[in-house]
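Undergrad: Required output: the full structure, derived from the provided sequences and hints.
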Amino acid sequence: MAGFAHLHVASGYSARYGASHPEQLARWAAERDMPALALTDRDTVTGAVRFAAACAAERVRPILGIDLAVAQTAPPPPRQRRRTPVRGGAHVVEPPLRFVLLARDREGWARLCRITSAAHAGTAGGAAPVMVPWAALREHAGDGLIALLGPLSEPARALAAGREDVAARLLAPWQEVFGDGLRLEAVVHGRPGTGPGSLRLAARTLALADRTRIPAVLTNAVRYADPQQHRLADVLDAARLLRPIDRRRLDTGRRWLMEEARMAQVAQKVAECAGAGPRRAGRLLADTAATADACRLDPFADLGLGGARHFPEPQVVGAEPGPEGAARLLRQRCEAGMTRRGLERDQEAQARLEQELGVISRMGYDSYFLAVGQVVADIRDLGIRVAARGSGAGSLVCHALGIATANPLDHRLLFQRFLSEARKDQLPDIDIDVESARRLDCYDAIFRRFGHERVAVTAMPETYRARRALRDTGLALGIPPDEVDRISKSFPHLRACDITSALAELPELRSLAAEAGSYGRLWELAEGLDALVHGMAMHPCGVIISDATLLDRLPVQPTPQGDYPMAMAAKEEVEALGNIKLDVLAVRMQSAMAHAVAEIERVTGRRVDLDDPRQVPLDDVFAFKLIQESRTIGMFQLESPGQQDLLSRLQPRDVQDVIADISLFRPGPVQGGMPERYVAARHGGEPQYPDGRLESVLADTYGVTIWHEQIIETLDVMTGCGKDQAEVERRRLGDKEALPGIRQWFHDAATARGFDAKVRDEVWATIEAFGAYGFCRAHAVAFAVPALQSAWLKAHYPAFLLAGLLEHDPGMWPKRVIVADARRHGVPVLPVDVNRSRAAHIVERAEQGRWGVRLALSGVRGISEEECARIEAGQPYRSLSDFWQRARPSRPVAEQLAEIGALGGLYEGRLTRRDLLLQIAELHRQSRSRTAGAGQLPFTAAPVGGAEPSGLPEMTSRESLGAELHTLGIDVSRHLMEHHHRLLREIGATDAAHLADVRAGRQVLVAGVRSATQTPPIASGKRIIFVTLEDGSGLVDLAFFEDSHEACAHTVFHSGLLLVRGTVQVRGTRRTIVGTMAWDLEEIAATRRDHGPEAALALLGATRPHPTPAQPQRTLANGTTGARLHPYADLQPAGTRTADLRKLGHRSPGSAG
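In the numbering used here, the protein residues as written are 6 to 1158.
Treat the hints as calculated values from the structure; they're not laboratory data.
Accuracy of the hints is not assured; some may be wrong.
Here are the simulated DSS-like pairs of lysine-lysine, each with C-alpha atoms no more than 30 Å apart in a straight line [said to hold, decoys possible]:
# : residue 1 : residue 2
1 : Lys741    : Lys494
2 : Lys630    : Lys429
3 : Lys820    : Lys763
4 : Lys763    : Lys741
5 : Lys763    : Lys494
6 : Lys741    : Lys274
7 : Lys763    : Lys429
8 : Lys728    : Lys741
9 : Lys429    : Lys728
TA: Next comes the structure, spelled out in structure tokens:
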């Protein structure tokens, strides 16, 4: 026997079915000397590339296939419609009939792809189950495919019922379609009776095979590599079927990757049960081995994994057929672009262009650049803001084609960082930023240009992390849903494999850790789900552009919304298969700026072109003043607390400083201490160069290495390897196993070129610290442009930028923080008004002639686009009944509009908000009673109660504020901290506006709304919790080091309003509070309300107040003992807080753009 190979194996890519990752399966097979291994995931081939790579690493031959559901040969009788499966509703009923397809060769893989696409075509984005129609099988099946009919097939179902004659008849259509590629699959899992997985059904399958002369194969229908993982299969079944674990259908623990000896024993049992002898068992194993041997699809040779290139054909991009045609057209377009850019006589630019075109042509990438250039041109023709980012911005060809904005020669950008003949196995990577609101318009343009046979969006596997794993495992184990919700929400966003270590180490989980033992195997099972796929989503930016063979190489399925075909491959795997993977990044700041520019033209008549340096100079003095003062909320890439801190120390004076700032605020430079060195040199320190020969490389950055490009040039100077090879070595720096070899190569080559040991060691320390994790200069240049454009808008048109920010929510800050910042800059924020507001945020004249922002109808919670359109179309309204009749809002929307004062203008304040709520209830009652009968004419609402006051009191300021926060997420009428000003004066808290007057080292109390929480990686490897509070007068930055986590972490993560004691630390022009104790401010306020100021002070550990240096009229509580922390501040009953304040803050690493 040539060796047993498993032909039916599911990996973790079988959503909520397979329990092992492809690498684990390949490693397990290699350790047991299996010559080959199949991957037949359920309904998908998304894991095929990763599986093939894992098998190649383990020297196991991969066999690629799929496990699909199939329709019955005869249509089933009509049945009652199944209920939508939801938790608490009907459970999922899966398609009962399945079969396995294996690809023998390239033709078979193409057929498999077409069949798989057809199976998904009718799913309507997930609304219907994946199932192959027989028409698709007859159309696409044929040579190159092997089909396995196993225990879940229609013939096997007849065998289980003892109807061998029916089973033989049901085989006929399969034989007609697959011919000698048909196999009957015997599976034994120790199940009783004659159902799937039973020995008796396997024996009947073998007997049927002998009778019909169809070869039989033995498989184990594998779901996990290790038998210890079988309990995970039960959890996954429960999660997939939306019901607790069914004790009657537990996994038998036998569906693992059994070695050859065990499978031989199974074959013997099947043969004996079928009444045959050992020779029949041997033939069963031999037929299995022969089937495996017949599958000779080579993912590398046949699918082009890691080698082939599939770009749009030359004629598709406007060139003559053949590679020469694409090269000629690319040169023509570049030369025209150089003329437009005014570079046609620049000798340096012309030489660089010739160099780049030569590399592109030799690598066969002409069509690639033409395709991307055409995409950018099409997007720009739609009036959509578009710009390149990443290393592609370092190409002069991209600049000439209009893909990239900045001239790479102006910024010393290296083409080798983007594209190199030394990296033939890696495609160039061009990313383009577009307006987020128009992203799908960009997708439509790409599909129109290249056609559905060449374009698809990429998939993004959604994998289990801690919260989802705990939720699905808890519900599978039958833990009550409210307990599961409490447990999962208690955890930070971390990997599932870190659950038990987080329980042991994180102070904010200490209460949960104390009760961990009562939940049995919850933690262990949830950790076992780590990184397994539970669903498939559309990638937010990845688009595939290929030649016309795309659908023969990758199956597609509808996106969850059903709008686009989605390839069954993650974006990294798409690139490995040689397709153009274009990242069309939806940048919300681009949409925000586009909205601001549109509002400027609508209101003032001025047309602003942000990309015209004559209108919007990137070195604008007023913009730089804001940047130097760290007033950067709403500025792209510059608004995070860490960036504000760095800007206050750096004090940027020109564009290059901003480029450096964006680059310095990255893990690699921070780990190497580069920001401190750069700031010191920037402010007069003497630049220090490791060696004089490196001065030309590091002069721009005062001797400090910041960019990847500098690593490349340093390696070139010190080793003489050339920039192409230097970039290859730089990319390898992220591989820890390769580091010793790179280090030895570097030292040997640098020694040969005369660099002494001290220089070599110093430079290598820099390279190793962040060579693979630093930042690409081209990327920073591309980011600096929108950063400075947004700064210009904030300096000259702050109200218009605010309208764009509120409309598109582009950064790391919640809307209420952006609004508070705008007010501090003198921008009025006007409330929602049904006669003045539009669907979008707009700018209008406010008091004293200032430009203000009118809040949008779309910001109202729960309002639909249709309701917004009707309200806007019907303006103005004369009364509530007029509004009710013509705008036709739903009752909840109308009530919310009344609660936030949006209807008050109808009666000029004569009616209270409670009066309006009463009238809405009556209008709703009338409309229901008058339209109760069928065929009623539309009723005309009469004024209710003559629109007279009912005597109901107006809502209190606290109630109004709560309604605003609930409905809009913004405190419009007053800042929510105003309700606590009296308490804060009594305890001596210092607000953000007065912190600048406090000396370093002084202890203070600060309070505010938690607006940002971050735990980024830092050089020391320790955990620091960074928090930003917003108190109405400004922002307060806090840092909690590990020695404070036991006392503070739980409160910090679970409270929306915080009171913090800490010590002032001064960095640049900013103050940071190093926190030592934290309280839930609402608890302190409740204590004061119920028991008086003394009780609040006692809760803080103070006996009497003391005045603070910053505010003599205020008092400060001292002492550090007696703090009481709320155990679960985020689980209080609804209505006990002003609003769910935890939702008003962001947990983000920085500006999302």
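Undergrad: Each hint needs a verdict: does it hold in this structure or not?
TA: For each hint, the structure was consulted:
{"no.": "1", "hint": "Lys741 to Lys494", "verdict": "violated (35 Å)"}
{"no.": "2", "hint": "Lys630 to Lys429", "verdict": "violated (46 Å)"}
{"no.": "3", "hint": "Lys820 to Lys763", "verdict": "violated (52 Å)"}
{"no.": "4", "hint": "Lys763 to Lys741", "verdict": "holds (23 Å)"}
{"no.": "5", "hint": "Lys763 to Lys494", "verdict": "violated (51 Å)"}
{"no.": "6", "hint": "Lys741 to Lys274", "verdict": "violated (49 Å)"}
{"no.": "7", "hint": "Lys763 to Lys429", "verdict": "violated (35 Å)"}
{"no.": "8", "hint": "Lys728 to Lys741", "verdict": "holds (22 Å)"}
{"no.": "9", "hint": "Lys429 to Lys728", "verdict": "holds (15 Å)"}
Checked against the numbered hints above, the structure violates hints 1, 2, 3, 5, 6, 7; every other hint is satisfied.
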